[in-house]
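Just so you know, the protein sequences line up as chains U and Z, in that order.
The number in my numbering is simply the position in the first sequence, starting from 1, with 1412 added.
The number in my numbering is simply the position in the second sequence, starting from 1, with 106 added.
It should be emphasised that the hints constitute simulated quantities derived from the structure, not laboratory data.
Note that CB positions come from ideal geometry on N, CA and C, so glycine has one too.
Incorrect hints may have been included.
[Stated by the list, open to error] If you want the ones that stay clear, here's a sample from chain U, every Cβ over 12 Å from chain Z, calculated:
(1) L1418
(2) A1435
(3) G1443
(4) R1444
(5) V1452
(6) G1458
(7) G1475
(8) V1550
(9) A1551
(10) V1562
(11) R1612
(12) L1640
[Unchecked claim] What the simulated footprint calls covered on chain Z by chain U, stretch by stretch (three residues with Cβ under 8 Å from a Cβ of chain U suffice, anywhere in the stretch; the number is not a length):
(13) 147-157
(14) 179-190
(15) 197-208
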Amino acid sequence: MFSTALIVFREVLEASLIIGLVAAATRGMPGRGRWLGGGVLLGLLGSAAVALSMEQIARLADGIGQELLNACILGVAVLMLVWHNIWMSTHGQTLAADARIIAGDIRDGRRALSMLLIVVAVAVLREGAESVLFLYGVALSGSSSVGEMVMGALLGIGGGAAVGVTLYLGLLRIPLRLFFTVTSLLVLLLAAGMAAQAARFLVQADLIPPLASPLWDVSSVLPNQSALGTVLHGLIGYDASPSGIQVVFYIAVIVAITAGVKWAKHSTSTTKTTATLAAQHTS
Amino acid sequence: MTQIARFFALLLIALSLSTHSLYAGEPELAVKLVIENHKFQPETISVPANKKVKLIIENRDTTPEEFESHSLNREKVIPGKSSVTIYVGPLKPGAYPFVGEFNQTTAKGVVVAK
């Protein structure tokens, strides 16, 4: 039972951390509970579908279907997070401060939430599918009773969820003036980490070169499988021995978001300046 | 909003151009291993160092397994009664342990690069 619980816990943990962070980052947005809940539900349905069709997926594209699927859904999540981070850079401050949304921003806010719904769904889908396959294997091998298996699964899910809730509550304790900066930074690193994971899958499928494998190895200091390593992996994409291309993808996303945020801020301020000048001109 | 959309369009174009590189794999070396009764066979695989290797893993059990190795930086689900491919390396000389995550007590092995 405990071995079942431990494996399910490890799978649930990563998704749970992502949901905790997204829930904190959407603080003050109306209807966010429905959107995040919808993401979890969609992810669960998706995991069942992926788990059921794993044999077909594994056979696709000369046996690299799994890597392609993983890289694609991670890629989608990265795009959503990049967009969200750029959007938040011009809207987040007001949201966090007022804890309510201005009328004109409601449509935008809804779009931001629908992007995060996809991020949550993707997180649940990836880890959920593996849990389903694992539990299916346990059930099939008959190595433990159904009761033990269900108990183990529930224990694992509960434990994983508890870590996510802890992260969420911890983030909410951050003073408002720092809150937006911290959550934006975490969302940025989450996106970068997901991009690096996508790169790893593409290397595993031999679609892109590793460049250096590994670029460095600090697994004797902080191994991936340690508790801290696992949490950092889920949150900011920590990898003790990354290949060169993973680091390239990681940095590329950070650069893209930083440039996008600058651009968005710049274009918002120029629009305002032009409007002011026009107003002065007519008067 | 439109600025962000435009930014994304540019980003996508840049990404597709940069990933459309002429990366072609070197001639590959394939190594086969089998999973049976939740055990890898053989449990020790010798591969040449500094060369890319294609691992072909056949799962003869009816239950799914997940090949996982932190030192090789790889993870992949192998459904029951099927075969998958995992590329590893080029590896520096050394030993790289791996496990079947779903049956960690029995499914263990090591890749030795020489």
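What hints, given by number in increasing order, does this structure fail? 1, 7, 8, 9, 11, 13
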